[in-house]
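**Student:** The residues making up each chain are set out below.
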Amino acid sequence: MSANNAVRAGDATWRRIGDEIVVIKGDGKSAHVLNKTAALVWEKCDGKRGVDEIATDLCEGFNVSPEEARSDVREIIAKLTQIGIINQIEEIHG
Amino acid sequence: MHSSIEITRDLTPTYNTLALQIGSVCCALKCGDEKVYRRLKRLYHSFLTGQPADITLEFEELEHLHPEDPYLAHSESGHVRETGVSFPAAGQIAAGLTDPYHTIGFNGERTPASPDYLDFKYLNRYFSLAYYTACQEKYGGNPPAMLVHACGVLRDGQALVFAGPSEAGKTTIARLCGEQDGEVINDEMLLISRPASNGDGINVQGAPMIGKFPPQRSVTAPLGCILLLKKSRKTTVRRLERVEAYLRFLRQVITPDYIGQKDTRTVLPLMAAFTDEVTGTTPVYELEFTLDGESLWQVIAELGTSLAKKQIS
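Chains as they are written, first to last, in my numbering: chain A, 1 to 94; chain B, 1 to 313.
A portion of the hints provided could be inaccurate.
As the list claims (entries may be wrong) - Anything over 12 Å on all C-beta distances counts as not near chain B; from chain A, calculated: (1) Ala12; (2) Ile17; (3) Val33; (4) Asp57; (5) Pro66; (6) Arg70.
Unchecked claim - Below 27 Å or equal to it, Euclidean Cα-Cα: the simulated DSSO-like pairs (lysine-lysine) are: (7) Lys79/A with Lys48/A; (8) Lys29/A with Lys230/B; (9) Lys79/A with Lys36/A; (10) Lys121/B with Lys29/A; (11) Lys231/B with Lys212/B; (12) Lys262/B with Lys234/B; (13) Lys25/A with Lys48/A; (14) Lys121/B with Lys35/B; (15) Lys41/B with Lys138/B; (16) Lys25/A with Lys35/B; (17) Lys262/B with Lys29/A; (18) Lys231/B with Lys29/A; (19) Lys44/A with Lys29/A; (20) Lys36/A with Lys48/A; (21) Lys25/A with Lys44/A.
If you are wondering where the hints come from, they were derived from the structure by calculation, not from laboratory data. Cβ coordinates follow ideal geometry from the N, Cα and C atoms, glycine included.
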């Protein structure tokens, strides 16, 4: 079985500023400010965790249901992928 | 009878050489033309030093820059791609690396149409390149201070940093600064130190960078606050939130390009870390201002009072 895990773009520069995270794209031409929820998802996107695992962390950090958390994680990852600061990698599960 | 052979060499420099202090880096500027050398010496007199050079800029005037000149500029990207290749420069100037990490050579073309093209502002770029190249070797690529597009004013023992891109009003601030308001350090670029590990605060230092407001002063003072400039029809100041301060100040940090750099991306983390350190420990404001110097310095005075009160409480 295979699943796509999200991983932060290796050439992006990022800093946590208070509750938020500022990500500068590798070309240095644009910067993106991630709110508290997106910041948590960003930090968990290490290529090892899947959506479910990140959603579990989100449930612990915020008062949301597992379904809501999964939906939020998917939406955030899709958005970050679209702007080019997250990549999808395929992980093979035995 | 014991004999010895003494080999002598003519150590007389073929160039006139100025040694300039750029923060903690000493940059030698060799110049073949006596007239240009004298002008440069006057221009940079505040920064002359007797220290041994960490890096050398070698300037040569030519009647004509041949397209096959070894210093041929290769693009207008403003980025040095690899060691040993030449890199772009302004107008009739071309430059290249002659001796990895220690000497940067650049040639200027003197033409009958513009015999006096040397306003020397283009040297800012070479000093920046020389500074960061020297920092690669001297500090392992971790410069103790970074260059920022800003006008510095020394006031009440502290440096006020008025930051902004070209046309934001840095020179205007310098021109509006009367004797009673403060002392202009530089209206183009400043060196701002990173907070030291021993707990020392952030310092602002003058650098030999040419703006429109002479002269540049070689002084160091603790950083008071940062004011990001915005021309307006009124004069007001407002404190910026951390993220806005970070993003806006980051744009004023000079990209720390250095000789031998493979990729622009390698310097972004350095700029980001520096910006975070500075804006995380220093109040950052947006200053909207008009050409009315009186209201400008009134607002600055009120800001100074409020900062002093906060420090006491």
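**Student:** Next step is simple, just say for each hint if it's right about the structure.
**Tutor:** Hints and how they fare:
no.	hint	verdict
1	Ala12	violated (9 Å)
2	Ile17	violated (5 Å)
3	Val33	violated (6 Å)
4	Asp57	holds (23 Å)
5	Pro66	holds (30 Å)
6	Arg70	holds (28 Å)
7	Lys79/A with Lys48/A	holds (19 Å)
8	Lys29/A with Lys230/B	holds (22 Å)
9	Lys79/A with Lys36/A	holds (15 Å)
10	Lys121/B with Lys29/A	holds (26 Å)
11	Lys231/B with Lys212/B	holds (18 Å)
12	Lys262/B with Lys234/B	violated (45 Å)
13	Lys25/A with Lys48/A	holds (22 Å)
14	Lys121/B with Lys35/B	holds (17 Å)
15	Lys41/B with Lys138/B	holds (26 Å)
16	Lys25/A with Lys35/B	violated (46 Å)
17	Lys262/B with Lys29/A	holds (18 Å)
18	Lys231/B with Lys29/A	holds (24 Å)
19	Lys44/A with Lys29/A	holds (24 Å)
20	Lys36/A with Lys48/A	holds (21 Å)
21	Lys25/A with Lys44/A	holds (18 Å)
In this structure, the hints that do not hold are numbers 1, 2, 3, 12, 16, in rising order.
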